[in-house]
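When you get a sec, could you build the whole thing from the sequences and use the hints?
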Amino acid sequence: MKRLPTGGRIDRTAPLKVRFDSQDLPAFQGDTLSSAMLAGGVSLVGRSFKYHRPRGIYSAGVEEPGAIVHLRDGNRHEPNARATVTEAFDGLTATSQNAWPSLGFDIGAVNNWLSPFFSAGFYYKTFIGPFKHSTKFWMTCETFIRKAAGMGRATYLDDPDHYEKCNAFCDVLVIGGGVAGLSAALAAGRAGAQVMLVEQDVDLGGAVLSDPVSSDGDSWVASALSELEALNNVRILTRTTAFGAYDGDAYGLIERVSDHIKAPENHQVRQRYWLVHAKRAVMATGAIERPLVFGGNDLPGVMLAGATRTYLNRYAVLAAENVVVATNNDSAYQVATDLARAGAQVLLADMRPDPSEEVVKLAQQADVTVMPAHGVIQARGGKKVTYAMLVPVDVTGRAQGSPQKFEADLIAVSGGWTPVVHLWSQRYGKPVYQEDSACFVPDAQEGQTLQGAGTAAAAESLADVIAQGFARGAEAATAVGHPDSVGIIPDAFATGPFWQQGLHPAWAVLTPQGKTQGKAFVDFQHDVKISDIDQAHLEGYVSVEHLKRYTTLGMATDQGKLANVNALSRMAELRGKDIPEVGTTTFRPPFTPISVGAIVGHEHGRHFRPTRLSPIHHWHVENGAKMTEAGAWIRPWYYPQGTEDLTAAYIREATHVREHVGMVDVSTLGKIAVQGPDAAEFLNRIYVNGWKTLAVGRLRYGVMLREDGFVMDDGATARLGEHDYFMSTTTANAAKVLAFAEHLLQTAWKDLRVHVTTVTDQWAAIAVAGSKARALLTQVSDADLSRETLPNNHWTTARIGDVDIRIHRMSYSGELAYELYIPAGFGRHVWETLYAAGSEFDLRPYGTESMGALRIEKGHVAGPELEGRTTMKDLGLEGFASSKKPFVGSVLRKREVLEDPARPTLVGLEVEGDTGAKPGSLLFSLAGEAKGHGDGWVSSTTYSPALGKNIAMGLLKNGKDRKGEVIRIVNFVGDQTLKAKVVSHHFFDPEGERQNG
Amino acid sequence: MAEMLSPLHTKAVPGRYGAAGNAGVTLSTRPIANLWQIAGWQGFGDAAAPVLAALGLTDGGSYRRSEQSGEVTAWRIAPDKILIEGAGDLSAHTSDDLVTLDLGHARAAITLSGPAARDLLMQLSAVDCTPSAFGLGEFMQTGIHHVGVLIQCTGPDNFDVLVPGTWAETVWEVLHDNALPHGLNIDEAA
Numbered sequence: 001m002k003r004l005p006t007g008g009r010i011d012r013t014a015p016l017k018v019r020f021d022s023q024d025l026p027a028f029q030g031d032t033l034s035s036a037m038l039a040g041g042v043s044l045v046g047r048s049f050k051y052h053r054p055r056g057i058y059s060a061g062v063e064e065p066g067a068i069v070h071l072r073d074g075n076r077h078e079p080n081a082r083a084t085v086t087e088a089f090d091g092l093t094a095t096s097q098n099a100w101p102s103l104g105f106d107i108g109a110v111n112n113w114l115s116p117f118f119s120a121g122f123y124y125k126t127f128i129g130p131f132k133h134s135t136k137f138w139m140t141c142e143t144f145i146r147k148a149a150g151m152g153r154a155t156y157l158d159d160p161d162h163y164e165k166c167n168a169f170c171d172v173l174v175i176g177g178g179v180a181g182l183s184a185a186l187a188a189g190r191a192g193a194q195v196m197l198v199e200q201d202v203d204l205g206g207a208v209l210s211d212p213v214s215s216d217g218d219s220w221v222a223s224a225l226s227e228l229e230a231l232n233n234v235r236i237l238t239r240t241t242a243f244g245a246y247d248g249d250a251y252g253l254i255e256r257v258s259d260h261i262k263a264p265e266n267h268q269v270r271q272r273y274w275l276v277h278a279k280r281a282v283m284a285t286g287a288i289e290r291p292l293v294f295g296g297n298d299l300p301g302v303m304l305a306g307a308t309r310t311y312l313n314r315y316a317v318l319a320a321e322n323v324v325v326a327t328n329n330d331s332a333y334q335v336a337t338d339l340a341r342a343g344a345q346v347l348l349a350d351m352r353p354d355p356s357e358e359v360v361k362l363a364q365q366a367d368v369t370v371m372p373a374h375g376v377i378q379a380r381g382g383k384k385v386t387y388a389m390l391v392p393v394d395v396t397g398r399a400q401g402s403p404q405k406f407e408a409d410l411i412a413v414s415g416g417w418t419p420v421v422h423l424w425s426q427r428y429g430k431p432v433y434q435e436d437s438a439c440f441v442p443d444a445q446e447g448q449t450l451q452g453a454g455t456a457a458a459a460e461s462l463a464d465v466i467a468q469g470f471a472r473g474a475e476a477a478t479a480v481g482h483p484d485s486v487g488i489i490p491d492a493f494a495t496g497p498f499w500q501q502g503l504h505p506a507w508a509v510l511t512p513q514g515k516t517q518g519k520a521f522v523d524f525q526h527d528v529k530i531s532d533i534d535q536a537h538l539e540g541y542v543s544v545e546h547l548k549r550y551t552t553l554g555m556a557t558d559q560g561k562l563a564n565v566n567a568l569s570r571m572a573e574l575r576g577k578d579i580p581e582v583g584t585t586t587f588r589p590p591f592t593p594i595s596v597g598a599i600v601g602h603e604h605g606r607h608f609r610p611t612r613l614s615p616i617h618h619w620h621v622e623n624g625a626k627m628t629e630a631g632a633w634i635r636p637w638y639y640p641q642g643t644e645d646l647t648a649a650y651i652r653e654a655t656h657v658r659e660h661v662g663m664v665d666v667s668t669l670g671k672i673a674v675q676g677p678d679a680a681e682f683l684n685r686i687y688v689n690g691w692k693t694l695a696v697g698r699l700r701y702g703v704m705l706r707e708d709g710f711v712m713d714d715g716a717t718a719r720l721g722e723h724d725y726f727m728s729t730t731t732a733n734a735a736k737v738l739a740f741a742e743h744l745l746q747t748a749w750k751d752l753r754v755h756v757t758t759v760t761d762q763w764a765a766i767a768v769a770g771s772k773a774r775a776l777l778t779q780v781s782d783a784d785l786s787r788e789t790l791p792n793n794h795w796t797t798a799r800i801g802d803v804d805i806r807i808h809r810m811s812y813s814g815e816l817a818y819e820l821y822i823p824a825g826f827g828r829h830v831w832e833t834l835y836a837a838g839s840e841f842d843l844r845p846y847g848t849e850s851m852g853a854l855r856i857e858k859g860h861v862a863g864p865e866l867e868g869r870t871t872m873k874d875l876g877l878e879g880f881a882s883s884k885k886p887f888v889g890s891v892l893r894k895r896e897v898l899e900d901p902a903r904p905t906l907v908g909l910e911v912e913g914d915t916g917a918k919p920g921s922l923l924f925s926l927a928g929e930a931k932g933h934g935d936g937w938v939s940s941t942t943y944s945p946a947l948g949k950n951i952a953m954g955l956l957k958n959g960k961d962r963k964g965e966v967i968r969i970v971n972f973v974g975d976q977t978l979k980a981k982v983v984s985h986h987f988f989d990p991e992g993e994r995q996n997g
Numbered sequence: 001m002a003e004m005l006s007p008l009h010t011k012a013v014p015g016r017y018g019a020a021g022n023a024g025v026t027l028s029t030r031p032i033a034n035l036w037q038i039a040g041w042q043g044f045g046d047a048a049a050p051v052l053a054a055l056g057l058t059d060g061g062s063y064r065r066s067e068q069s070g071e072v073t074a075w076r077i078a079p080d081k082i083l084i085e086g087a088g089d090l091s092a093h094t095s096d097d098l099v100t101l102d103l104g105h106a107r108a109a110i111t112l113s114g115p116a117a118r119d120l121l122m123q124l125s126a127v128d129c130t131p132s133a134f135g136l137g138e139f140m141q142t143g144i145h146h147v148g149v150l151i152q153c154t155g156p157d158n159f160d161v162l163v164p165g166t167w168a169e170t171v172w173e174v175l176h177d178n179a180l181p182h183g184l185n186i187d188e189a190a
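So the sequences go chain by chain: A and B.
Here my numbering is used: position 186 in the first sequence is 186, and no number is missing along the way.
Here my numbering is used: position 90 in the second sequence is 90, and no number is missing along the way.
Among these hints, one or two may not hold up.
Straight-line alpha carbon distances no greater than 27 Å define the calculated BS3-like cross-link-like pairs of lysine-lysine that follow [claimed, not checked]:
1. 873(A) x 979(A)
2. 626(A) x 81(B)
3. 125(A) x 147(A)
4. 736(A) x 81(B)
5. 515(A) x 125(A)
6. 11(B) x 750(A)
7. 165(A) x 81(B)
8. 430(A) x 405(A)
9. 383(A) x 147(A)
10. 918(A) x 960(A)
Simulated from the structure, these hints should not be mistaken for lab results.
In this text the structure is predicted, and so the values were computed from the model without any measurement.
In C-alpha cells:
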C-alpha cells in the first residue's frame, strides 16, 4: 500500500491530521478515512460480528461491511461508522471496535475456532430449545452474547450538536449525481421544472470520480455541472443521501452538513433531515459491485475490484503491489489495467473460458497476466492476504484441477454488479430479476412516479446511461407540466469496458465436490457462510424472508447490499430453482444508516413537545412557584414557603383556603364559545342534562358522554346571551371535546346552526375560594356579589380597575368561590390587583396540588375518575341525566354490562394510619387472598387537612352497599397494604353550606 | 390604565443572536387589536356582505388570499368563518344568521422577515413557502411545532405568524432556536 506521488483528486497542499487507534495516517483534503488508512498501510481495521475474524477495507462506498469504526471522542463519539464514506478532516480520530484487548490480539477471536457451535440459529437451538417452558436461561445468556458479539459502543453523553428538519417541494427529484443523474437533471432543468439533484458523495460525477483525473468523463461532468449551476430552477445538494421513498411521493434525505469537520461551526447544524415532496423522481443511484465467494474471502486484502480502482484514481493510493484480480465480467479488466499501469504486478483470473479479445488485449498491453477459466478458490494469510490459491474452473465455478499458489497482497474481486434499486423497491415492492445482467432491476410500469435510470436500471452502455437519464428527466418534466424543449442530448464520452459487460453469472469457486476450501462468506458483516445457508436449507427454510431472519443474512449497516444476490444464487441452487422463483426480500428504509438525531431534529429537550403557558405564568415563576406539567400546560404546583416540601406546602395552602381565602390560576380550563340560534339544542344533545330552560345570566354543571355511554367530560356552561353560551371543560379534555363537537356539527348535526370556537386563549381564569372570597371581590370590583344577587350557578359582569371581566359563582373546592374570566392580556394585571388587595384578607395563591386536595375533600370527580371506563352510574352522576330527551350516549349507556349493579361505583375511603394510599392501588375485602384485580381501585388520594386524615376516592364493587366496611388497599408495585373504611365520597361539607353561603 | 400584556412580553428581547454574518432572519412581535371572528351557515355570504362592505371589503378573500382595506385585514379561515383584524368591535353585527366573537386576546402576532425567513418556515411547517407558492397577500393555516398557526405573507420575505396566545412562547422558542444557524436578529416589539 502506498500513496502515489501524483494523481488523485486529493488536495496535496492541505495535509490533515488523522489518527486510527494509535497510528497517525498520512491524509489530505479529499481523502476518506479508508483511503487514508490504505495510504498509511493499515490493513486490519476491525473484527467481525460473530467470529471476531480480521476485517479490512472491502469497498470504497456505502456498502462497506468490514471497515466499521468508532469516530471521534467524548460526547461526539459515533459508533459503526463506515470508514469508506467518512470524509477525512483535520483532527479526525477513529478507533477500532468489537475487539478486546486490542485489534491485533482479540480474545474474542476464539469464537472463530468455536464456529461449528455458532452456526445459523444457534441462539434458538442452544439457549431456548432445551428450555421450552422458560426464557430465563436465554435471558441470562443473552447478556454475555451481546457483549461478545456486535458492533460499536454508543456514548451515554448528550449529543452537543443540533440537527434540523426541512421540507422541500419540487417538480423532479433526481437521486444520484452520476452521469445518469446529471443527464436527468439537465433534461428536467432545461424544460423549466423545479429540480432537486441530490448526491450522497461530496462531489458529483458518480463512477467518473473513479476514472483517472482529467479523463473525458471529467470534462463531461464539468460541462453538465456548469450548465446546471446556471439554471436557477435546479438545486443541487451534495453529501445528501436519499434514504427513504414513501407514499405520497415523499422522500427522506439526510444532508451531512458538518460531518466533514471536527465540530459544527458558527451555529450550524450537524445534519439536516429533508422531507422532499416531489411530483416525480428519477432514481439514478448506480450499481454496487458484487463479491465472489471462495474460502477466506473475508480476509483483509480481499477487496472489490472497482474499489481498488477508486482508491487508485480518486485518492492516488495503490492498495497493493502484488495483485490478483478475480472476475466473471469485463469491468475488472479496466481495474487490472489501471493497477498495472500504476506499478502493480497484476494477474487476472477470469472464470470465463473465453473473454473477449478486446479486453484481453487491453490487459496484456498493460502487462497484466490473464488466466481465462481460472478462479480464486481460497485466499490465504493470517491477518491479511499473502497468497491466492488459483484453480482452473468450469463455467459453474467448480474446480477442474489442482490449486496453484500465487503470492498476492491484494485479491480484487468482481462478481458482477447489483443495481441500487432500494428506493424503487421501498415504493413499489419487489424488483424483477433480469437474466442477461444477472441482477434485480426495477419493474418499471407506466404511472410510477419514481423511475430508474442508468446502471440502476441496468443500462447497457454509457450512451445508454446518458440516454436513459435524459429521457427519464424529460418525461418527468413533461408529466409535471413542463413539456418545453430539453435540447440536445449530451454526447457520450470514451470509457473502458462497461459494467458487467460479458458477465457470466458464476458467483463462487468451489471444489469439485461443491465444497468451499475454508470458510467462505456470503455476508461479511454478519459472518454468514455458505454453510449457514446450506444448513438453513437442510432445516427446511425455503422462504427467502425466513432465510434472512434465521441466518441474519442481509442485516446490519450494509443491509445485504453485497450479500443478497449471492445468497439467492446459493438458495436457488439448493432448491433446484432459478433466482426469480426464489425471489428476493423487499427493501425498507433507510438505504444507509441515518442518525436518530437528524430524525428528531429540534424536537428534544425543551422542544420535545410544545408547552402551553397561562397568561399569568410568569407571575408564578417570579414568585417562587414550583411548576408541574399538566398535559402540555406548565402549571403552578405549589408555592413553597421557606424550606417547605410539596406535602407541607399543599397542606398549608388547602388549610388556608378553608380558613381564609386563596386564589388559583385556572386559565387552563377548556373554554368553548357555543354560538348560534340552535346552541341550546346543541347543548341538549351533547350534554346529558337539559339546557333549554337555562336563563341568560345563569350557568349549569353538565356531563357529557361518549357515544358508547361512558363519561367523556364534565364542566359548567354559562348562558351569555340569547344564542351565546360559554362552555368550560376539564383541562385535560378540552381539545377532545372541541373536536367531538365539531365532528358532530359537521357530520351528524349539520342541521344545527351552531358554531363552536375555542376561546381558551382568549380568557385568563382565576378561582377565588374561601370564606373571605366575597369580601375580597366586593372590595376590588364594582359587582354586587351578595348571596341574593349572585347565588350559586349565576354569573355577572364586573370591572376590576378598568378591566371588564365576568364573575361566575361556582365552587370546585366546596368553599364559597368565584371564577373570574378576564381577557387574557389583562390576566396578570387582575391577578396582581387581587394579590395586592388581598393582603388584608390574608389572600394566598395556591397550586394544583392543594386544588386537588380540596376537590377530593369535596368529592368532585376529575380526570382520575373520568378516565374513559366509568359511567354516570358508576360516579353517582346519574341524577343529572334527563329522561325527557335523547343525548349522545343515551342509548348505549343502558347496555346490560353498564347496568350491572356489581360494577365498581364511586366511594370515599378513610385510610387508617399515617400513610396515604397510592392512586392505582387495588381494593380487596379484609378476608381472603389479595390476588387478581380485586374489588376495585383507588383513583385519587390526598391528605385531608380538613379531616386530619388520609383520604381517597376509589371505585369499588357494590360500593353503595359497603359503606362502613373496612377493606384493604393493596399497592402491589410498592408492596404496601393499608386498611380503609368505606364512606361517602362527599367527605367535606356534604350539605354544601359553605359553598352556598 | 391596565396594560394589555402580550403573551410574548418576556421573549422579544432585541439583539443579535446565532450565526455571525448577515442575519438571515429577523423576529419581532406586533400587537393585535380588535381581532374578531364572524361566522354563519348556509347563506353566510349574504349575511357577511353588509359587514364586509361596511369595512371596505368585498368578499373577505379566498382560503389562500387575505383581503385588505386600509388597516383592516380579513382572512377566510373556513367556508363559513372570516377572521377580521383592525375593524373594532363587530358584536353589533350579530344576528340570527351571523355570530361574532371577540378573539382579540386569543392570538399573538410574531413577525418574521429576512432572506432566510422562507427557509425557516419550511423547516418548521410542511408547506411550500417558496415565493411562487406563497406570495404577497396570501396566507395559510398550518402547524408549527404541532401548534395551529395562521401565516400571512406581508412582503417578499416578510410574514406575520398568528399564534394562539397560550402557545405563543413555545412557537417563538422554536422559531428562535431554528433561526440561530441563519443568524438571528430580534427587533423591538412594534
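Against the structure, the hints:
Using a Cα cut-off of 27 Å, the hinted pair residue 873(A) and residue 979(A) holds, with the two alpha carbons roughly 26 Å apart. Restraint check for residue 626(A) and residue 81(B): not satisfied, since their Cα atoms lie roughly 41 Å apart, outside the 27 Å limit. At roughly 20 Å between alpha-carbon atoms, residue 125(A) and residue 147(A) fall within 27 Å of each other, so this suggested pair holds. Restraint check for residue 736(A) and residue 81(B): satisfied, since their Cα atoms lie roughly 21 Å apart, inside the 27 Å limit.
Distance hint between residue 515(A) and residue 125(A) is fulfilled; the C-alpha atoms sit about 25 Å from each other, no more than 27 Å. For the hint pairing residue 11(B) with residue 750(A), the CA-to-CA distance comes to about 43 Å; that exceeds 27 Å, so the pair is violated. For a cut-off of 27 Å, the pair hint linking residue 165(A) to residue 81(B) is broken: about 33 Å separates their Cα positions. The hinted pair formed by residue 430(A) and residue 405(A) fails the criterion: a straight-line CA distance of about 42 Å is larger than 27 Å.
For the suggested pair residue 383(A) and residue 147(A), the alpha carbons sit about 23 Å apart, so the restraint of at most 27 Å is met. Taken as a hint, the residue 918(A) and residue 960(A) pair is honoured in the structure, with Cα atoms around 22 Å apart against an allowance of 27 Å.
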